[in-house]
Amino acid sequence: MNQDLHQLHDLLIAQHQALFAKLDEAGDADEGKAILTEMQEILHRIDVLQNLLFRKTTTALTNNLQKVDDADTELTNTLKSAATATDIIKGVGKFLTVVDKAIDLAKTLAPLAV
Amino acid sequence: MSYQTKSIATRWVTALLAAAALVLTGCKTVPADTLTSFTSGITSARTQSQEAFNAVNELVADASLDYAASQTNLVESSFTAGLDEESLAAWDQVLEKLEKYAQHLQLLTSPDLAKSFDDEAVNLSAELNNFGQHLQGSGLINKSPQISPAIATGFTKLGELIVRLRAQTRARKVLVATDAEIGRIFRTMADSVGTSRTNEIRGTVTAHWTQFLAEKKVAFRNQPDLAGKRQIAADFLQLLERRVAQDLVLLSLRRSLLQLAELHHALAQGERWTAQSAAAAIADEIKRTRDLNDRFKDKLKNQ
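Each protein sequence line maps, in turn, to chains A and B. Mapping to my numbering: the first sequence position 62 is 86, numbers consecutive. Mapping to my numbering: the second sequence position 68 is 605, numbers consecutive.
Hint data in this document are derived by calculation from the structure and do not stem from the laboratory. We put the beta carbon where it would ideally sit given N, CA and C, even for glycine. Hints may be right or wrong, so weigh each one.
[To be verified] Below are the DSSO-like pairs computed for lysine-lysine, each with C-alpha atoms no more than 30 Å apart in a straight line:
id, chain 1, residue 1, chain 2, residue 2
1, B, LYS637, A, LYS125
2, B, LYS710, B, LYS754
3, B, LYS754, A, LYS104
4, B, LYS637, A, LYS46
5, B, LYS838, A, LYS57
6, B, LYS637, B, LYS754
7, A, LYS104, B, LYS634
8, B, LYS565, B, LYS637
9, B, LYS834, A, LYS57
10, A, LYS125, B, LYS824
11, A, LYS104, B, LYS753
12, B, LYS565, A, LYS125
13, A, LYS104, B, LYS680
14, A, LYS46, B, LYS838
15, A, LYS104, B, LYS824
16, A, LYS91, B, LYS753
17, A, LYS80, B, LYS652
18, B, LYS766, A, LYS57
[Unchecked claim] Quick list of simulated restraints, FRET-style, between CB atoms:
id, chain 1, residue 1, chain 2, residue 2, range
19, B, ASP629, A, LYS125, 39 to 45 Å
20, B, ASP599, A, GLN90, 15 to 21 Å
21, B, ALA771, A, THR100, 53 to 59 Å
22, A, ASN88, B, SER647, 24 to 30 Å
23, A, LYS80, B, ASP762, 29 to 35 Å
24, A, THR86, B, SER581, 42 to 48 Å
25, A, LEU29, B, PHE616, 56 to 62 Å
26, A, LEU29, B, GLU595, 19 to 25 Å
27, B, ARG724, A, GLY115, 23 to 29 Å
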């Protein structure tokens, strides 16, 4: 179906070009105008088909993006795991700060326990 | 730190770098230059698409009015949308997704990936140092533990290399797995622009310019005086030039899209480490290690 539309589009473009060449052979002004009108009718159909073809292409492209989405998710997860290594170190630092506070508290409370 | 300890630490870091170089030499890597070209190429293709397609739509809109005016009745079907908004948004969305994918690849293969890891390791060394002194001050231990900047550098470098090598391996795996599909996407996009001036969007655009030229031909036949004919001939020549110019814009977009497919394929193929690239990478690693060591020395200077 899609291939047929492509072929029809190509055919109309070829016909449009053939009519353009015929203009040089037109016997009088009326014949020239008649060819021009025909060309305009064909051009309108070329535009209609172009719209359909582009829509079909973009729809197909959007539907086939799953693999790119999956790949991007994998890349994002790997980036997150690199950040996790950093978070672990950061966590140790935070832990030490808490231990420091606990030691300070223990020091404050020690004389009271005596 | 004694001379002997310092020497052991230096040898340790050197051995670590040599091992990393050995691992890298045996594998293929993601070529950084190609990856940069790939990312910026997608961004350019997005802009190119918008500009090229807007120009196409201007042509179609104008012709649509002429066509509607030539009809007996004014009907909606006389007006064609050209490349409609929804499809244009979908096209842009495809490129936007590919752009994000490329940016993530760039982040993942960047030497700066493990920079925050280094930063936190340096901060931790200072905190460990303070913590030891705190314990000593509290009378819980007799002597605060000594942290050697060289040993700390070695361990941090090891962690950093693990993080980076793992990221490189994943990036290569993803590139290989997606190469066929991404190549197909770019080639489909390039083909929809048109393989020649007689098909797809390039064909449609050529037909519009042919229509303008045809109008000039008829006008020329009907023009009685020479001055009038000369003006029409000049207009005709200008139209021919504009036809070529607009086709070149579309041809350039097509070439960009095909080049992006080739660039991705080159990324998926990877580049073998040559003696030169390995030497450059090792020199870079040595510089980074020295910088890291200096930062540790600075944080642990009271040792």
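A quick look at each hint next to the structure:
no.	hint	result
1	B:LYS637 <-> A:LYS125	44 Å, violated
2	B:LYS710 <-> B:LYS754	59 Å, violated
3	B:LYS754 <-> A:LYS104	65 Å, violated
4	B:LYS637 <-> A:LYS46	51 Å, violated
5	B:LYS838 <-> A:LYS57	92 Å, violated
6	B:LYS637 <-> B:LYS754	49 Å, violated
7	A:LYS104 <-> B:LYS634	19 Å, holds
8	B:LYS565 <-> B:LYS637	23 Å, holds
9	B:LYS834 <-> A:LYS57	88 Å, violated
10	A:LYS125 <-> B:LYS824	38 Å, violated
11	A:LYS104 <-> B:LYS753	63 Å, violated
12	B:LYS565 <-> A:LYS125	49 Å, violated
13	A:LYS104 <-> B:LYS680	39 Å, violated
14	A:LYS46 <-> B:LYS838	90 Å, violated
15	A:LYS104 <-> B:LYS824	27 Å, holds
16	A:LYS91 <-> B:LYS753	50 Å, violated
17	A:LYS80 <-> B:LYS652	45 Å, violated
18	B:LYS766 <-> A:LYS57	18 Å, holds
19	B:ASP629 <-> A:LYS125: 39 to 45 Å	53 Å, violated
20	B:ASP599 <-> A:GLN90: 15 to 21 Å	39 Å, violated
21	B:ALA771 <-> A:THR100: 53 to 59 Å	58 Å, holds
22	A:ASN88 <-> B:SER647: 24 to 30 Å	29 Å, holds
23	A:LYS80 <-> B:ASP762: 29 to 35 Å	50 Å, violated
24	A:THR86 <-> B:SER581: 42 to 48 Å	22 Å, violated
25	A:LEU29 <-> B:PHE616: 56 to 62 Å	20 Å, violated
26	A:LEU29 <-> B:GLU595: 19 to 25 Å	24 Å, holds
27	B:ARG724 <-> A:GLY115: 23 to 29 Å	47 Å, violated
Comparing the model with each earlier hint shows violations of hints 1, 2, 3, 4, 5, 6, 9, 10, 11, 12, 13, 14, 16, 17, 19, 20, 23, 24, 25 and 27; every other hint is respected.
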